[in-house]
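Just so you know, my numbering puts 142 at position 133 of the sequence shown, and the rest follows in order with no gaps.
Because the hints were derived from the structure by calculation, they are not lab data.
Mimicking BS3-like on lysine-lysine, the simulated pairs with C-alpha atoms at most 30 angstroms apart in a straight line are: (1) Lys133 to Lys240; (2) Lys176 to Lys240; (3) Lys133 to Lys176.
What you are looking at is a predicted structure, and each value in this text was computed from that prediction instead of being measured.
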Amino acid sequence: KRNNESDEVRITSGNYAAVDAYEPGSVAKVITIAAGLETGVVGPNTVFNVPWRAQYGDDLLRDSHEHPDKDMTVRQILVESSNIGTIKVQEEVQLRRHWDFMRAFGLGERTALDFPNESAGIFKEWNDLHGSEKYTVSYGQGLASTPIQLVSAVNVIANDGLYVAPKLVRGFVGKDGDIRPTPPSATQEVISPNTAEVMQSIMTDVVCSGTATRAQATSFIVAGKTGTGLKAQTNGGYEDEFGVRSYYASFVGFFPAEDPQITVLISIDEPPAGTLNRYGGTAAAPVFARLVPSIAHEVGIQPTHNGAACAE
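Input sequences plus hints: build the corresponding full structure.
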């Protein structure tokens with residue numbers, strides 16, 4: 010529950026990671042770009058002419074910020090998080106094949122956690138997508154995923170192309186004190202190791218020079234992707250009765266980028282609306298940066314760089 014006067018969250022209930030589903034926003038662009046690279050219809054240096062807005066179906070879709078028409082490589086499209094550029098990549102992949110990749114990355118299905126009341130999210134069949142919705146799914150609007158689905162999807166990139174089914178328990182301690190490990194998680198190759206390596210490089214650029222510069226962590230190179238998703242209201246739309254929109258701000262990152270060991274999702278429900286602080290890059294990314302040293306210390310990951318890792 011939120012205190013309307015102080016805006017502080019006083020009580021939370023339920024398991025947010027497995028039960029709550031929300032629009033992932035631009036984090037979903039990771040899947041679209043990876044699909045383009047894996048199918049070979051684009052390379053990281055393929056160039057598209059990208060306007061800041063364009064008509065798709067009955068809707069005028071746009072990037073988050075106005076800009077003149079410009080040539081952008083696929084790498085730049087993800088680094089700068091261009092909605093229109095991502096649509097252009099999706100058009101090359103084609104809708105049905107793109108949908109198959111999103112499913113392979115784990116969207117639309119409950120995970121192996123078998124958590125009570127776990128949500129499968131909202132993910133329409135490809136032939137049930139109509140109008141502009143066929144395009145907005147490429148950048149994470151018009152579908153919903155749980156945090157555990159989203160972090161597992163990005164973990165495919167960190168894990169060299171393998172989807173690893175998430176689990177909560179590593180093992181059990183018997184009466185004799187011996188640790189009995191749980192069975193290994195099921196894995197499935199979603200993209201090739203080569204595609205994953207290219208994506209790791211691009212997502213490192215996202216942090217070093219793109220929308221996630223505030224995720225930079227001292228002593229580690231970080232890779233990741235920001236996302237800002239619109240929050241559905243009880244009236245079924247994106248605006249409440251006062252015309253106000255609410256958001257989810259997200260950042261999914263992994264480190265060390267050159268040999269990923271840890272993948273983390275930071276998701277903030279309703280960051281301050283109407284300000285620049287509502288974006289994943291401004292609200293969620295700094296939280297990730299602050300957590301990296303503590304996580305690294307806890308699990309025994311040694312620093313890989315001295316000082317600011319992106320200074321080069």
